[in-house]
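Given chain A, work out where chains B and C should sit, using these hints.
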Amino acid sequence: MPLIKNGEGIEDHFVTITDDAPLPINGTIVSLTRFKAERDTLLARNAPLGVRLKSAESPEELGEDVHRLSLIVLEFPIFRDGRAFSWARMLRTRMGFTGEIRATGHFLYDQLAFMTRTGFDAFEGDFTEAQLARALAEMTNVYQPSADRRRTIRELRAV
Amino acid sequence: MYRYDEFDARFVRERVAQFRYQVERRLSGELTEDEFKPLRLMNGLYLQLHAYMLRIAVPYGTLSSRQLRKLAYIARTYDKGYGHFTTRQNLQFNWIKLVDVPDVLSELAEVEMHCLQTSGNCIRNVTADHFAGAAADEIEDPRPLAEIIRQWSSLHPEFAYLPRKFKIAVGGARHDRAALKFHDMAVEIVRNEAGETGYRVMAGGGMGRTPYVGHVVGAFVAREDILAFLEAVMRVYNQSGRRDNIYKARIKILVNALGVDEMKKQIAREFAEIKAAGTLQLPQDELDRITAYFAPPQFEALADETPVSDDPDFADWLRTNIAQHRAPGYGIATLSLKPIGGVPGDASAEQLDAIADLMDEYGLAEIRVSHEQNLVLPHVRQRDLPAIHARLKALGLATPNAGLVTDIIACPGLDYCDLANARAIPIAQAISERFADLDRQHDIGELKIKISGCINACGHHHAGHIGILGVDKKGVEFYQLQLGGSGAEDASIGEILGPAFASHEIVDRVEEVIGVYLDRRTRDERFLDTVRRIGIAPFKERVYAAH
Amino acid sequence: MAQPALQALTANRLRDGAVVYWRDGAWDESFVTAEVFDAKADADAALARAALDVTARRIVSPYLFPVRFEAERLRAVEEREIVRSEGPSVRRDLGKQAGGKQATHV
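Protein chains in written order, with this note's numbering: chain A, 1 to 159; chain B, 1001 to 1547; chain C, 2001 to 2106.
This is chain A alone, in the form it adopts within the complex (with noise of 0.2 Å):
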């Protein structure tokens, strides 16, 4: 599945496993409910880690730990399951996480500049790095705030 973070498209170095299945070296995205199982065994692994949440399970539920992830995969069941854009959201703004936020599941082009805005940073799926740009491109202006600190119409009215 291709994938492209921050505009372009990469290997991913991460592999996601089943709740049961034994851990690899390297890269790793896991369940919440496995991370919650095996949170300590997890966390001490030299390695990278990833967590994907369900689009029904908040990101809270990840506590301060958050700042040990490097990556967080949120799912889109259906593209109008629109719960991962505050996840996202509270991901970057009151969490405060820097890691990769990366989007997967079943969403749209049209939904990549609202993904971008509220703190996705890495699509999975069948994108290219045109149509990204390109998406990204349709609307200039915003009118409100977001996570990804725009500047708003108001803002720029009043310069």
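Hints in this document: simulated from the structure, not taken from any laboratory. Take these hints with a grain of salt, some might be off.
What the hints assert, rightly or not - Here are some chain A residues pointing at chain B (derived, C-beta under 8 Å): (1) K54; (2) S58; (3) D81; (4) S86; (5) G99; (6) R117; (7) E138; (8) T140; (9) Q144; (10) P145; (11) I153; (12) R154.
Even glycine gets a Cβ: it sits at the ideal position worked out from N, Cα and C.
Using the frame of chain A, we list chains B and C on its own:
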């Protein structure tokens, strides 16, 4: 009224290009219908019974003559010469072609209009009192705040894929003419004991399958905090609203499930964080800047007068369709879109153009769309009323029935709508014709009949003094009666009378219901008052008596 | 008295949303000339072929619906389909009932 600056203009132009690209990708097959549907809904484009329907946003129901002319042009050029004004102050065209929509949007953008977020699971058109800026009982014009909310909610990245639609209304008067308590969220401008102005925020109201009256979740939100507070409510809803069942996905269900206290707690938590971050504070100078756009016209120093006309119909019109204005010598004129036997809320391209001409000739900068599907000229000099009446009468827009039994609200129903179970318009027409006699209408007095063609309740039947719901029984249209609903500050949900009636008898039953009121009312009691006093039992008895 | 259930096949044209009816492998705006299926197998086969027209971006949402003959004139059975085949009952000057459109193939 608000005027776009370069930022607004650019936004709406880019939005047109965005939608044009979406249509291209649909037509090329890059997007399936399932993928395209939420995108076209976010642009107010439905696939209805006969054709695509395009819903145009009329923010807080305010239009200029220039905009009316453009709507007339679109009706003539891209549709079948008419439009329909809705219960959310918007305008719908029923016969639009998908391939024409990008061009229609370009036309609209030229006059600072759009179709953004008039459908879909996002924040919808922000509605407000159609008498805003004019009403004698107004505390403050709600439209500046409505405009601020409109901008904040436009392509809001976090709230574009909510569990379900989200409708916001703003009110600023003692009488609630915006049905605030039936909205997902409503903001009411209030004054506290210290005389300070702030906002009362309600959430969890709604019509539909399971109607609810909204609860106060913020009793007095300070001005500068209002956007932060609204965002807090949206965030709680987006995170916790149900996603498993579209019939249980509105915020009203969440408020009911959590309870108001828990809901307030969760909102308060989000609000504290947003306020502390500071990025959504609303400074007084910004509120003032937007408010300046809505400054009323310079009212002349006039005295109240009772205008007269040679036309005997004028007195009737004056009696019902002119509401008291806060400036002496002025009146608020309701242009009825409910001619006897007509289709409620429809207006032809010719009528729209003629109204635009009238507005320009009399220096009337704005016209309003009411959620009761009429038009309103908010600032008319009383001395101009006879001449304006004559013009309106020639256009079929002077029916003297505002608030009376023939001023019926009806959704498009099965004549147009893909979701409908029964037709609503013919029932409205039949009731209108039955009660056409004006003396009889005045004898009955204020009576709000609201008709919905399905459980989605776009006709707001739950808030009707008499509410009628069309249902489908084995492919045949039946109609259920509810009594005692109200969309005003005394909000209540109508009580169902009993089993539904066939289409050939519903009008007789309505007449019987009104008959019970006439028999049992005490002096000065409106229909609604009598229902509330005596309950529905006497009405039930009459309509279900053996025929 | 049992009668075989008669069905017709309808959809909306993608580009302009017009209501169209299946006739002989093509889509037509005219209801009165719609193909009538009295055998479920034929109806289902047509519906399956309609799915190809969805993929080909000619139409959306094809479905079968019951019809009957009223003195040799084809009529829909349910109110919704009657309205859809004629036009709004409150604007008899609009839609198919106004006879404006010629039979048009997609």
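Quick rundown of the hints versus the structure:
1. About 11 Å separates the beta-carbon of A:K54 from the nearest beta-carbon of chain B, more than 8 Å, and the hint is not met.
2. With a least beta-carbon distance of about 7 Å to chain B, the hint placing A:S58 at the interface is held under the 8 Å criterion.
3. For the restraint placing A:D81 at the interface with chain B, the shortest Cβ-Cβ distance is roughly 6 Å, inside the 8 Å limit, so the hint holds.
4. The beta carbon of A:S86 is positioned within 8 Å of a beta carbon in chain B (closest approach about 5 Å), and the interface hint is therefore held.
5. Using the Cβ-Cβ criterion of 8 Å, the hint placing A:G99 at the interface with chain B is not satisfied: the shortest such distance is roughly 20 Å.
6. The criterion of a C-beta within 8 Å of any C-beta in chain B is met by A:R117, whose closest approach is roughly 4 Å, and the hint holds.
7. The restraint placing A:E138 at the interface with chain B holds, with a minimum CB-CB distance near 5 Å, inside the 8 Å limit.
8. With its C-beta approaching chain B no nearer than about 6 Å, A:T140 sits inside the 8 Å limit, and its interface hint holds.
9. A distance limit of 8 Å between C-beta atoms decides the matter here; for A:Q144 the minimum to chain B is near 5 Å, and the interface restraint holds.
10. Hint status for A:P145: holds, given a least beta-carbon distance of 4 Å to chain B, under 8 Å.
11. With its C-beta approaching chain B no nearer than about 5 Å, A:I153 sits inside the 8 Å limit, and its interface hint holds.
12. Interface hint at A:R154: satisfied, since its Cβ lies 7 Å from the closest Cβ of chain B, which is below the 8 Å cut-off.
The earlier numbered hints that this structure contradicts are 1, 5.
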